[in-house]
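**Student:** Here is how the chains run, residue by residue.
There are 2 protein chains.
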Amino acid sequence: MSLKIYNVLTRTKEEFKPVEEGRVGIYVCGPTVYDHPHIGHAKNYVGFDVVVRYLRYLGYKVLYVQNITDVGHLVDDRDEGEDKIQKRARRERVLPMQLVETYMRIFFENMDALNVLRPDISPRAAGHVPEQIEMVQELIEKGHAYQSNGSVYFDVSSWPEYGKLSGRKVAEQEEGARLEINEEKRHPSDFALWKNADPEHILQWKSPWGMGFPGWHVECSAMARKYLGKTFDIHGGGIDNMFPHNECEIAQSEAAHDGETFANYWMLGGSLTLDGVKMSKSLGNTLTISDALSGHRPEAIRMFILSSKYRNPIDFSDDALDSAETGWNRLWNTVSELRKRIQSAPDGEATSEVESIVQQIIEDFEQAMNDDFNAPAAIAVLRDLATQTNKILNDGKSHSRGSLQALDNAFRSLGGDVLAIIPSDSDGGNGSAAREEGLIQLLIEMRANARENKDWAASDRIRDELKELGVQLLDGANGTTWQIS
Amino acid sequence: MSLKIYNVLTRTKEEFKPVEEGRVGIYVCGPTVYDHPHIGHAKNYVGFDVVVRYLRYLGYKVLYVQNITDVGHLVDDRDEGEDKIQKRARRERVLPMQLVETYMRIFFENMDALNVLRPDISPRAAGHVPEQIEMVQELIEKGHAYQSNGSVYFDVSSWPEYGKLSGRKVAEQEEGARLEINEEKRHPSDFALWKNADPEHILQWKSPWGMGFPGWHVECSAMARKYLGKTFDIHGGGIDNMFPHNECEIAQSEAAHDGETFANYWMLGGSLTLDGVKMSKSLGNTLTISDALSGHRPEAIRMFILSSKYRNPIDFSDDALDSAETGWNRLWNTVSELRKRIQSAPDGEATSEVESIVQQIIEDFEQAMNDDFNAPAAIAVLRDLATQTNKILNDGKSHSRGSLQALDNAFRSLGGDVLAIIPSDSDGGNGSAAREEGLIQLLIEMRANARENKDWAASDRIRDELKELGVQLLDGANGTTWQIS
Chain W
1 MSLKIYNVLT RTKEEFKPVE EGRVGIYVCG PTVYDHPHIG HAKNYVGFDV VVRYLRYLGY
61 KVLYVQNITD VGHLVDDRDE GEDKIQKRAR RERVLPMQLV ETYMRIFFEN MDALNVLRPD
121 ISPRAAGHVP EQIEMVQELI EKGHAYQSNG SVYFDVSSWP EYGKLSGRKV AEQEEGARLE
181 INEEKRHPSD FALWKNADPE HILQWKSPWG MGFPGWHVEC SAMARKYLGK TFDIHGGGID
241 NMFPHNECEI AQSEAAHDGE TFANYWMLGG SLTLDGVKMS KSLGNTLTIS DALSGHRPEA
301 IRMFILSSKY RNPIDFSDDA LDSAETGWNR LWNTVSELRK RIQSAPDGEA TSEVESIVQQ
361 IIEDFEQAMN DDFNAPAAIA VLRDLATQTN KILNDGKSHS RGSLQALDNA FRSLGGDVLA
421 IIPSDSDGGN GSAAREEGLI QLLIEMRANA RENKDWAASD RIRDELKELG VQLLDGANGT
481 TWQIS
Chain R
1 MSLKIYNVLT RTKEEFKPVE EGRVGIYVCG PTVYDHPHIG HAKNYVGFDV VVRYLRYLGY
61 KVLYVQNITD VGHLVDDRDE GEDKIQKRAR RERVLPMQLV ETYMRIFFEN MDALNVLRPD
121 ISPRAAGHVP EQIEMVQELI EKGHAYQSNG SVYFDVSSWP EYGKLSGRKV AEQEEGARLE
181 INEEKRHPSD FALWKNADPE HILQWKSPWG MGFPGWHVEC SAMARKYLGK TFDIHGGGID
241 NMFPHNECEI AQSEAAHDGE TFANYWMLGG SLTLDGVKMS KSLGNTLTIS DALSGHRPEA
301 IRMFILSSKY RNPIDFSDDA LDSAETGWNR LWNTVSELRK RIQSAPDGEA TSEVESIVQQ
361 IIEDFEQAMN DDFNAPAAIA VLRDLATQTN KILNDGKSHS RGSLQALDNA FRSLGGDVLA
421 IIPSDSDGGN GSAAREEGLI QLLIEMRANA RENKDWAASD RIRDELKELG VQLLDGANGT
481 TWQIS
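Chains W and R supply the protein sequences, listed in that same order.
First residue of the first sequence: 1, per our numbering; consecutive thereafter.
First residue of the second sequence: 1, per our numbering; consecutive thereafter.
There may be inaccurate statements among the hints.
[Claimed, not checked] List time: in silico PhoX-like cross-link candidates among lysine-lysine, alpha-carbon distance up to 25 Å:
no., chain 1, residue 1, chain 2, residue 2
1, R, Lys164, R, Lys226
2, R, Lys206, W, Lys142
3, R, Lys454, R, Lys467
4, W, Lys454, R, Lys454
5, W, Lys230, R, Lys206
6, W, Lys467, R, Lys340
7, R, Lys164, R, Lys13
8, R, Lys206, W, Lys206
9, W, Lys206, R, Lys230
10, W, Lys87, R, Lys226
11, R, Lys142, W, Lys206
12, R, Lys87, W, Lys226
[To be verified] Residues from chain W that keep clear of chain R, each with C-beta distances beyond 10 Å, as calculated:
no., residue
13, Val19
14, Lys87
15, Met279
16, Ala320
Treat the hints as calculated values from the structure; they're not laboratory data.
Small disclaimer: the values here were computed from a predicted structure and weren't measured.
Quick reminder that beta carbons are idealized off the backbone N, C-alpha and C, glycines included.
Using the sequences and the hints, build the whole thing.
**Tutor:** Printed below as a string of structure tokens:
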């Protein structure tokens, strides 16, 4: 059984062979930090989080690089319009780099909340201007780029492979897209490597071509080379940025390196729609990660995202998320009962029966994940493990601690380390709240008993002392409820 | 009453006049992120946090810039030895920028935990190489720096003001310090602006002088100029870095700008000793912020730090921190009782008596803080407010919600917004834990009652249901205690 990855470049599943035995270099396009990240970002980065976690599970030493775009990403994703950061900064009346600090922080806080492991290196575009200028110079020297009015463009006609990732031929691109006429370009499909800056442009640097700023695409080529080398293993991103962004990255890097392969495997995540519609700020249908987290456990959000293969599209709706949460609760109830039973289980090794169940589960799980990181199939294996665990817990026999521990170890490794949907602590990271609820419920029952026994003093005392602790009891037709005041 | 700042440059308290009416630009030297931050970092950054918070309280629009040193800081703080980041990265077998990500993250997490507001911009040295090269070029052009063997040094003999911050004349510096002989330098006091890099040096960039990396001092000059302009209001740092670091910054910036003032006010924080001894890793007496936080509330740590003026030295000991925590508990008990009473207070405006108490407190507080941010005096004013609040709460009279609210507003504004030692929520950010404790205590008392009444069924039920919730009761000679199992 070996790991297979669907390589967008070849449109086939290929066996994974790293550049260097035992190591994986992976670059994933990061966010442009000018606004709150939304649930579509969650889909993409949770998807690659599981990729990285599984590669580590397999024993690879992974170097995960994910950039932060803080300059050069223009409003229309092509080479025209204002810089997204600069535009938003002006609206919020702050400096561009203040805006970047704010949204970069929110991005990482959201990712942390979703149990997404931090990349090993998060290089910022504005912090790598020399590296980008250097690559642009190389491209000019090799005849793949030209200067024009203080800007520099990549000459697509010099690189016949341009289009090989998206399969879009230059001629088709021009028919399909509404390309604005830019007098600086020799050919409408040429794209900016460096843009000259208006004097009022805040984000600008000195370059051999005058004051300006790097084009959006070249940051990824330059930073991937700096931290991962000319050729590395996996390049990830979202399908929405396959063209022009990823296409331009390949052209830049491979043209600069005389055709040496940029990334061996291209993995692109499917997009996310909201109630069937593409998220769009102008339509007002966006859902931020913070909003999603306010009503749901992070594990449930991950479960929802992982219920679909990373490269498939997914439609987000409240119902779909609720249903993922129900599924998660079922899984968690089993794990949590299992961990309680471990506490009181008699000493003893795992039986060979349990060991073979676990062995089979691990095999099934790896088979699922080895098939291009098939997370929904892997979750199905975890559900199978839960079913078998329930059977064992409810068979009326006594089971050794070793047996129960072996089952829990599988949950921890596969559901915890790899998918990060099973918390490692026995109370699901939420023990205190659950306990508090239990304590209040117990006191409510004792008060009900006291009232039945007409022990009004005891009943009043419970009500009053709870009130003192900030817990207000509300007696209604269907019994007593409570709220924290 | 106007704000006065002790300006290290003039060794006098001066009235604060910002460059631009209503705005303050402040630059504080940030950490070199190669290890866990220690309690000495906490002293420095809590100190400047209160400075920034108070300036904002006064209505200034503050732009707070604090750098991250991720390249160029050599082991001996002078111009010799290995880069601190590179050395540690080699030891941990990671890339320098991986190490930087890790410790930068820990630094900010520690600062967040201490209620230290994030700087508006946290620029990184390695992300501002072009800006540093540009300044070095200017210094060469103006005759204040020279190239030597691929490195560039600042020529101290060209800048007679060198030494004006620390008061150390060049001749004295050489007598006092053990300066290593560096053949590249014309004069032993000259300092590096750019260092040529050995081929095996990982952190290096192209420059007009060959491959190399910026000297430690020039990052602050270049980044302060980029984000705050040539002349800005306040430069902060720790007294330990006055020489050579701050001294070199002034020389670089003012020489590059033909003598234009760099920062108008220099504020340097006193150092911290641990049980009377300078913290030192070789002595093994360092205390990380995480360790300090594990046994104490962040507010208590702030209270300890702020019990001394920012520019005074302070000695840390467990006793001193415990005593600060006791003081904090006293203050907090008052605030917490006050907030409870507000809940049940009758409607009504604040009395003129309470209003005048609050007015006086605000005046006293501002007077303390206007005197070079005298935090210990400001805390004494809060204690005074607590005393007067206790008197009012215990005078046996009924007080209107408006009166009690006015007192709480003063605690929130002065103790919360400015000093950040008074939590804004009524339960001190710890309500759930306190409530849980209260609920368990109530159940223990009910069980004791049941046992007195020989109602063994009720007593057992409480014990068993608590056990079910993970709360184990332990009956002892001095009554019943409990633990979470």
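**Student:** All the hints need checking, so say for each whether the structure fits it.
**Tutor:** Status of each hint after checking the structure:
Under the criterion of a C-alpha separation no larger than 25 Å, the hint pairing R:Lys164 with R:Lys226 is consistent with the structure, at around 24 Å. Simply put, R:Lys206 and W:Lys142 have alpha-carbon atoms about 20 Å apart, close enough for the 25 Å limit, and the pair holds. About 21 Å separates the Cα atoms of R:Lys454 and R:Lys467, which keeps this hinted pair within 25 Å; it holds. At most 25 Å may separate the alpha-carbon atoms for a hinted pair to count; W:Lys454 and R:Lys454 meet this at roughly 18 Å.
Pair hint W:Lys230 plus R:Lys206 holds up; C-alpha atoms about 18 Å apart against a cutoff of 25 Å. Distance hint between W:Lys467 and R:Lys340 is fulfilled; the C-alpha atoms sit about 12 Å from each other, no more than 25 Å. For a cut-off of 25 Å, the pair hint linking R:Lys164 to R:Lys13 stands: about 17 Å separates their Cα positions. Restraint check for R:Lys206 and W:Lys206: the C-alpha separation of about 14 Å stays at or below 25 Å, so the hint holds.
For the hint pairing W:Lys206 with R:Lys230, the CA-to-CA distance comes to about 18 Å; that is within 25 Å, so the pair holds. Pair hint W:Lys87 plus R:Lys226 holds up; C-alpha atoms about 19 Å apart against a cutoff of 25 Å. This hinted pair checks out: R:Lys142 and W:Lys206 have alpha carbons roughly 20 Å apart, not beyond 25 Å. Distance check on the hinted pair: R:Lys87 and W:Lys226 sit about 20 Å apart at the alpha-carbon level, within 25 Å; holds.
The claim that W:Val19 lies off the interface holds: its Cβ sits roughly 16 Å from the closest Cβ of chain R, which is beyond the 10 Å cut-off. No beta-carbon of chain R is positioned within 10 Å of the beta-carbon of W:Lys87; the least distance is around 19 Å. Its beta-carbon lying about 28 Å from the closest one in chain R, W:Met279 satisfies the requirement of being farther than 10 Å from that chain. Residue placement check: W:Ala320 keeps its beta carbon more than 10 Å from all beta carbons of chain R (closest about 31 Å).
Against the hints set out earlier in the document, no violation occurs for any number.
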